[in-house]
Amino acid sequence: MPYEGDELHHSGWNSCSSCYGDPSAARRYLVLPSLVSGRIYAIDTQKDPKAPSLYKVVQPDDVIKKTGLAFPHTTHCLASGEIMLSCLGDKDGNAEGNGFLLLDSDFNVKGRYCIVVLS
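Residue numbers (my numbering): 121 to 239.
Check before you lean on any hint, since a few could be wrong.
[Claimed, not checked] Simulated restraints on C-beta separations:
| id | residue 1 | residue 2 | range |
| --- | --- | --- | --- |
| 1 | R148 | N214 | 15 to 21 Å |
| 2 | G231 | E127 | 36 to 42 Å |
| 3 | D168 | E127 | 25 to 31 Å |
| 4 | K170 | E127 | 25 to 31 Å |
| 5 | L198 | E127 | 36 to 42 Å |
[As the list claims (entries may be wrong)] Under the rule of at most 20 Å between Cα atoms (straight-line distance), these lysine to aspartate or glutamate pairs were calculated in the DMTMM-like manner:
| id | residue 1 | residue 2 |
| --- | --- | --- |
| 6 | K176 | D126 |
| 7 | K167 | D226 |
| 8 | K211 | D164 |
| 9 | K186 | D226 |
| 10 | K211 | E124 |
| 11 | K186 | D168 |
Note that these hints are calculated values from the structure, not bench results.
Ideal placement from N, C-alpha and C gives every residue a C-beta, glycine not left out.
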């Protein structure tokens, strides 16, 4: 990775079994969250499978500014083509800020992913 201090953690794909039946969905990008630095890497594994390349880096400042979240932990693909990442805290390291970050299919920060629980 091009930056020091990254701790790559719980990688995932841009599409997975939740996209089954969608011919436009391809498991092309490996999504690598960096727990300590807060960066999120998208690695293109399809362009040259023998030499994967860096496609995009989501910077932590963008994540914090748009969501208040930090410490991205685990990647989950959604059937919509979006990517959800669980985050372990806020920018100050408080666990109260934990939640889910939502990226669009081109790895732009959309905001927080909200889960509605009906009782």
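Each hint, compared with the structure:
no., hint, in the structure
1, R148 x N214: 15 to 21 Å, "violated (35 Å)"
2, G231 x E127: 36 to 42 Å, "violated (24 Å)"
3, D168 x E127: 25 to 31 Å, "holds (26 Å)"
4, K170 x E127: 25 to 31 Å, "holds (26 Å)"
5, L198 x E127: 36 to 42 Å, "violated (24 Å)"
6, K176 x D126, "holds (15 Å)"
7, K167 x D226, "holds (16 Å)"
8, K211 x D164, "violated (28 Å)"
9, K186 x D226, "holds (16 Å)"
10, K211 x E124, "holds (19 Å)"
11, K186 x D168, "violated (33 Å)"
In this structure, the earlier hints numbered 1, 2, 5, 8 and 11 are contradicted, and the remaining ones agree with it.
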